[in-house]
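Dock chain B against the given chain A, drawing on the hints supplied.
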Amino acid sequence: MIFGVAMLVLFLGVITTAAVVDGFVPPSHVQSIDPTKVSQTPPFDHPGLRKVANGAYEAYYVARIFSFTPASIEVPAGSRVTFYVTSADVEHGFSIPATGVNTMVTPGWVSAVSHTFREPGTFLLVCNEYCGAGHQLMAAKVVVK
Amino acid sequence: MAAATPRVPTADDARALSRAQGELLVLTHIYTATLVLGVGALFGMLQGFSRANFIVMPPSFDYYRMLTAHGVLMALVFTTFFITGFFTYSVYHTMPRVRSTRLGWTGYCVMLVGTAMTTVAILDGSASVLYTFYAPLKASPLFYFGATFLVLGTWLVAADIFLNVMRWKAENPRLRIPLPAFIAACTMTMWIIATLGVVAEMCLLIPWSLGWTPGIDVGLTRMFFWYFGHPLVYFWIMGAYAIWYAVVPVTFGGKVFSDSLTRLAFIMLLLLSTPVGLHHQYLDPGISAGWKWLHTVTTYGVVIPSFMTAFAIFATFELAARKAGIRGFVKIVRWLPWSNPVFAGPALGMILFIFGGFGGIVNNSYSMDVLVHNTMWVVGHFHITVGGPVALTFIGATYGLVPALTGRRLFAPRLALVQVYTWFFGMSIMSAAMHWAGLLGAPRRTSDVTYFGAQGAATWHEHMIWASIGGTIVAISVLMFIIVATGTFVSDRPAEEAPRFEFASTNEDAMATPPVLDRLGRWGLVAVALAVLAYAGPLIAQFQAHAYLAPGMKTW
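So the sequences go chain by chain: A and B.
129 is the number that numbering that gives the first Met the number 0 gives to position 130 of the first sequence; each next residue is one higher, with no gaps.
250 is the number that numbering that gives the first Met the number 0 gives to position 251 of the second sequence; each next residue is one higher, with no gaps.
So that you can see chain A by itself, here it is in the shape it has in the complex:
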């Protein structure tokens, strides 16, 4: 019982230290957008990859039943990519398994999550929140060269 509570305090300490010192917090971007006007709202009117500095990219995604735009992006190994995602219709998920990229995509809001792709490879990007009859088809890819 005492051991259990001590473990909980320890866990909380580790999590809090990681959050404050290293910035390990769950994706919590606060930025609203009109979900009915996504295709007219910059930068989501032209979704895709933008290079912001050497080795740093921003990727703007629109999630819409049952696909992501862009369907594929390509970045060099070692790049840090910040994904900005919004939905033009219902709730979606945005997850690249085997990386720390995982966020909900809520209509009316922009989600943001960053990841450094160190190893080359082709990563699968999936919608991991049920969005309708074709949910199991909703995927894209991230190619790291």
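Everything labelled a hint here was simulated from the structure, so no lab data went into it.
What you are looking at is a predicted structure, and each value in this text was computed from that prediction instead of being measured.
A few of these clues could be false.
[Unchecked claim] Selected chain B positions facing chain A (Cβ under 7 angstroms, derived; list incomplete):
| id | residue |
| --- | --- |
| 1 | 136 |
| 2 | 283 |
| 3 | 310 |
| 4 | 368 |
| 5 | 372 |
| 6 | 442 |
| 7 | 546 |
| 8 | 547 |
Cβ coordinates follow ideal geometry from the N, Cα and C atoms, glycine included.
Showing chain B alone in chain A's frame:
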């Protein structure tokens, strides 16, 4: 032979009559839960086959419709009918009752009508929105009305429980509320506070689904849903804990370890079940990381009463074993009545809950959640919690309750015993496979995990095969349960000795219970205050954001 003396009906007769009606009410709850479990298990098994690519569901009854039915029937309907029935029994059985059962029956009927409405909406394909019904997926109004009636029905059952307890307390101001009745009233208080969230959500969803409002604030509905969604989990757990504390000890001649510890644990669950819901929304945009962190802290807090419960259960085992002259861990474990399904069901559930609890701590660990959120890990987690300890406990209790309520002999008791072990075995396989697939990144809630042969998905499919094997074993186990439960009623063999379903008495050595622990009304107010403290900030931020409204859609 002397002529029979005509008897004047006494208060005792009235009570006996009233008790008989009460028994029918409880029995109806239990059998409703049993039927729902059977239907839900069939859908569950087909889902397993579907995900393992053994079958493809026809478009006329597709995977997501079935998944919605499985989730709603298991998580919301089966559990709720059993728990409200069991708590009605807890009150009716521990206090001499003078109120009629009318309110209880009305509550049951409203719940049943709500369930029927929701089920029809799901089966006719107008509500494939899964049991979380996230807007702006827009189901037919029938679905939302049905869910609302189900909740309102439970409020009537709760009112019946509260009125009985209050009346008893008024007549016995110096006595402690009997422990089972206290647990019932405490849990239902928590439930009322929690379901305010879903009712608030329905106030937005129903006008919108009727076409009266053009759009919906998706973030707000999600916050209302999860305000309710986590205490829902604790509603199941409190139902199971009630049986662990107060019923399981009877099966080996044990006693409640400590009356005050039990009451304290339930009060802590009442206080801490609600102010934690944001831990389901760690990955949501539009909510700041600080509020999420606050809910991480409170969620760790609600683990503590579970630690207390684990401690108390082991102490109960040990005290009873020592009294019987048994010492030593292995000897005590062997001494416990593993061949009695009323013990074995809950006890096997406790073993599963050790893993379920650890997994829950992982899920709650803030930034760590990104690794498991919306993966199969989560599905594995709730099948080893609500699908393991909670369901096994309710099934074990059903094996005790049905004979006690009907005076009949349990049908095929050996089958009942095989059934609980089969469930344990099948659920262990299924849940382990799901956890593993989740760690590899397999998403939940998809009908197919192959993603057209994509590289990243290559390792997921084989785990789905294992999950479907485990799921089939559980479905067979449910079939055995239905045979025993209905067979007991249908075969109609009276028991030689009236079967009883009793609650354990308290250990005499335990400390006297401080009266403050009996003040449920005040603790309820504290619980409301904590919920307000935890949610006022995030809700105000949500309102101030003036979020854009999203139009509803039917994407299935």
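Status of the hints after comparison with the structure:
1. 136: Residue 136 of chain B check passes; min Cβ-Cβ to chain A is 5 angstroms, inside 7 angstroms.
2. 283: Since the shortest Cβ distance to chain A is 5 angstroms, the answer is holds.
3. 310: Residue 310 of chain B check passes; min Cβ-Cβ to chain A is 5 angstroms, inside 7 angstroms.
4. 368: Holds - the Cβ of residue 368 of chain B comes within 7 angstroms of chain A, reaching about 6 angstroms at its closest.
5. 372: holds, 5 angstroms
6. 442: holds, 4 angstroms
7. 546: holds, 5 angstroms
8. 547: Because about 4 angstroms separates residue 547 of chain B from the closest Cβ in chain A, which is inside the 7 angstroms limit, the hint holds.
Figure legend: structure checked against the earlier numbered hints; every hint is met.
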